[in-house]
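**Q** As a plain string of letters, each chain reads:
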Amino acid sequence: MTATLTREQERLRWRSRRGLLEMDLILQRFLDQHLTRLTEPEVRAYDALLQLPDNDFLDLAMGRKGPDDAELLPVLEKIRQS
Amino acid sequence: MALSRQIFDTVIVGGGGSGLRAALQLAEAGHHVAVFSKVFPTRSHTVAAQGGIGASLGNMQEDHWLWHMYDTIKGSDYLGDQDAIEFMCRKAAEVVYELEHFGMPFDRNPDGTIYQRPFGGHSQNFGERPVQRACAAADRTGHAMLHTLYQRNVRAHCQFFVEWMALDLIRDYEGVVVGIVALEMETGQVVIFQAKSTILATGGAGRIYHSSTNAFINTGDGLGMAARAGVPLEDMEFWQFHPTGVAGAGVLITEGVRGEGGILLNSEGERFMERYAPTMKDLASRDVVSRGIDQEIKEGRGVGPEKDHVLLKLDHLGAEVINKRLPGIREIALKFANVDPIREPIPVVPTCHYQMGGIPTNYYGQVVAPRGALGTSEVIPGLYAIGECACVSVHGANRLGTNSLLDLLVFGKSAGDHLCEWLKTNPQHRDLPHDAADRSMERLSRLDGAQSGENITEVAQAMRRTVQHHAGVFRTGTLLREGVEKIREVAKRARNTAIKDKSRVFNTARIEALELENLVIVAEATLVAAEARTESRGAQAREDFKDRDDKNWLKHSLWYMEGSRLDYKPVNLQPLTVESFEPKVRVY
Chain A
1 MTATLTREQE
11 RLRWRSRRGL
21 LEMDLILQRF
31 LDQHLTRLTE
41 PEVRAYDALL
51 QLPDNDFLDL
61 AMGRKGPDDA
71 ELLPVLEKIR
81 QS
Chain B
1 MALSRQIFDT
11 VIVGGGGSGL
21 RAALQLAEAG
31 HHVAVFSKVF
41 PTRSHTVAAQ
51 GGIGASLGNM
61 QEDHWLWHMY
71 DTIKGSDYLG
81 DQDAIEFMCR
91 KAAEVVYELE
101 HFGMPFDRNP
111 DGTIYQRPFG
121 GHSQNFGERP
131 VQRACAAADR
141 TGHAMLHTLY
151 QRNVRAHCQF
161 FVEWMALDLI
171 RDYEGVVVGI
181 VALEMETGQV
191 VIFQAKSTIL
201 ATGGAGRIYH
211 SSTNAFINTG
221 DGLGMAARAG
231 VPLEDMEFWQ
241 FHPTGVAGAG
251 VLITEGVRGE
261 GGILLNSEGE
271 RFMERYAPTM
281 KDLASRDVVS
291 RGIDQEIKEG
301 RGVGPEKDHV
311 LLKLDHLGAE
321 VINKRLPGIR
331 EIALKFANVD
341 PIREPIPVVP
351 TCHYQMGGIP
361 TNYYGQVVAP
371 RGALGTSEVI
381 PGLYAIGECA
391 CVSVHGANRL
401 GTNSLLDLLV
411 FGKSAGDHLC
421 EWLKTNPQHR
431 DLPHDAADRS
441 MERLSRLDGA
451 QSGENITEVA
461 QAMRRTVQHH
471 AGVFRTGTLL
481 REGVEKIREV
491 AKRARNTAIK
501 DKSRVFNTAR
511 IEALELENLV
521 IVAEATLVAA
531 EARTESRGAQ
541 AREDFKDRDD
551 KNWLKHSLWY
561 MEGSRLDYKP
571 VNLQPLTVES
581 FEPKVRVY
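Residue numbers (my numbering), protein chains in the order written: chain A, 1 to 82; chain B, 1 to 588.
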């Protein structure tokens, strides 16, 4: 992670700190690969995912469940593949 | 520049299970309470607790708090304080029923009572036979507990400061704790929170280990705050390990995998557990398996480029068994180890799970420390600590399963109750000392001013490697002495970090540098206390001192940051109302 992140990206990075280690690890990989290249709609979708309780987010990230909102799917796919 | 100041009756640092339980007790009594949390409270690490809450409700078979007490003391390898353990076990049913009334969705029996699960170490009639004592909400007990308590706190008008990091305690000239200094991440603003009382509830510091099941937020901030303010840390040599975490990640692989026939192999392809436990082999108890793995690694038979893990093989079970009986494990292996256990073994290593030691308290949650030459423990006025960051000590040298959630509830509530009374006789705020925020501001200005220095990621890595190697499961005097020297070097580096990004707004590098300062304090306390304790007890397993030594070591260690000095205090073997449980050899 370089020091060139925008404040918005820094905020997303902090909010990716979770209560479950599994989520910390999954989101760390996702951010390392995608954080600096997220589009506006992707940031909005990621923000919405970050609002979820850890266990629900983990179910989505592991592909055990699909999201209720189809707009979350593109970012979720990137998280699943990271 | 004068800092802005806010005033509360009580400030609570940490919004996990214990912090929320204490906050609720105070807020419902009408006190003005502020809870500080680095992350949204329901995303605290309590969410990871799955096992349940131990309480002798007797819903499945006959049970008694005295049997629970015996199991806890035996589990603690007799290092637990028996007054606090009696207090906890007797209060267990009450705090579980309260949680039920708050709306906690416990699993139920057909007759409507709370269903209780079996759990290792829980017994009837002083070890005679197993008893079902764990109250759970499916596999989401911690999650359900956090949500239940958070909703209730919102209703009670508890005030939350989310995405704030507490930096330091404020002690006045008489040593009374009169509040905290805290940093708002979004703005970088530093604010003084003046309070009649302060509760530390920051959880464990398991991130000092390279392999840890703890979430990234578990950086021992409350322990660092206490140590910097002159408060000792108790029994920091005792950390509970799980034998099989995914190497490099820490995610747990349950013992169920070995129960189904999974076996452990070293670099020579040898099933080494046959040497350590000829009868039980891979199914021996947690500590035996952990020590076996750790010893193989120490003797150079580890796997991988760093020879730092062993392999858990289950491909011989066949795809059908793995998919049917262990689907969750295959998912974890694919995601976190990048291997498919149907074809390849899973790299595993003993993994740090729980911190038994912490900030010394009595069973009211009041922080106590020896004062003067007599060494008698005295209360530090205005300061409380609860949950994993505290050492009451109910876990002693080794925690009994399901006692962690119970600890949060009992001592969170107990601290809240005690404070409600204490606030009646201490209704005034004491004056802030003129240097209230100096220590915090010095740390921040050093970081902000440093043009060059150590890289945070590298120092953190050096710390985790040092603790893992030198204060892992398998400990020797030589390893620990080397570890103490190494960690002191690391600690120096941690006080000399530099960050490129000097922004005040959501500067995560700055937060991580502050967290690292707290972690290295805990790491040093761990190594120093472990090196000094020349016996094996509970989670401390010394190869050079294989036995428990009650004559010399039936005592709690206290580590002081100033001078990295150790002191000791006796274990309280006297329960509140029943007869003492005398130390016996621990056999399961």
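Because the hints were derived from the structure by calculation, they are not lab data.
The structure presented is a predicted model; accordingly, all values stated were derived computationally and were not measured.
For glycine and all other residues, C-beta sits at the position ideal for the given N, C-alpha and C.
Don't take every hint at face value.
Below, a list of computed lysine to aspartate or glutamate pairs in the EDC-like style, where the Cα atoms sit at most 16 Å apart [said to hold, decoys possible]:
#1 335(B) / 77(A)
#2 335(B) / 59(A)
#3 65(A) / 331(B)
#4 65(A) / 77(A)
#5 555(B) / 260(B)
#6 492(B) / 454(B)
#7 335(B) / 71(A)
#8 555(B) / 535(B)
Listing some non-contacts, in silico: residues in chain A with all C-beta distances to chain B over 12 Å [unchecked claim]:
#9 4
#10 20
#11 24
#12 63
#13 77
Simulated restraints, written as ranges between beta carbons of each label pair [stated by the list, open to error]:
#14 331(B) / 33(A): 15 to 25 Å
#15 59(A) / 101(B): 54 to 64 Å
#16 63(A) / 505(B): 30 to 40 Å
**Q** Can the restraint linking residue 335(B) and residue 59(A) be considered satisfied, given a maximum Cα separation of 16 Å?
**A** holds (13 Å)
**Q** Is the nearest CB of chain B more than 12 Å from the CB of residue 77(A)?
**A** Given a closest Cβ separation of 15 Å, the condition holds.
**Q** Can you confirm whether the C-alpha distance between residue 335(B) and residue 77(A) stays at or below 16 Å?
**A** Holds, at about 14 Å.
**Q** Does the beta carbon distance between residue 59(A) and residue 101(B) stay inside 54 to 64 Å, or does it fall outside?
**A** violated (29 Å)
**Q** Does the Cβ-Cβ separation between residue 331(B) and residue 33(A) fall within 15 to 25 Å?
**A** holds (21 Å)
**Q** Please work out if residue 492(B) and residue 454(B) have their alpha carbons no farther apart than 16 Å.
**A** Distance ~10 Å between residue 492(B) and residue 454(B) Cα, so the pair holds.
**Q** Compare the distance between the alpha carbons of residue 65(A) and residue 77(A) with 16 Å, and conclude whether the hinted pair is satisfied.
**A** Answer holds: residue 65(A) to residue 77(A) is near 12 Å, not above 16 Å.
**Q** Should the label of residue 63(A) as a non-interface residue stand, given a Cβ cut-off of 12 Å to chain B?
**A** violated (9 Å)
**Q** Measure nothing beyond the straight line between the CA atoms of residue 555(B) and residue 535(B); if it is 16 Å or shorter, mark the hint as holding.
**A** holds (12 Å)
**Q** Within a Cα-Cα threshold of 16 Å, do residue 65(A) and residue 331(B) meet the stated pairing?
**A** At roughly 14 Å apart (the allowed maximum being 16 Å), residue 331(B) and residue 65(A) satisfy the hint.
**Q** Residue 555(B) and residue 260(B): Cα distance at most 16 Å?
**A** This hinted pair is violated, its Cα atoms lying about 40 Å apart.
**Q** Is the distance from the Cβ of residue 63(A) to the Cβ of residue 505(B) consistent with 30 to 40 Å?
**A** Since the Cβ atoms of residue 63(A) and residue 505(B) sit about 35 Å apart, the hinted range of 30 to 40 Å holds.
Consistency note: the structure conflicts with the earlier hints numbered 5, 7, 9, 10, 11, 12, 15.
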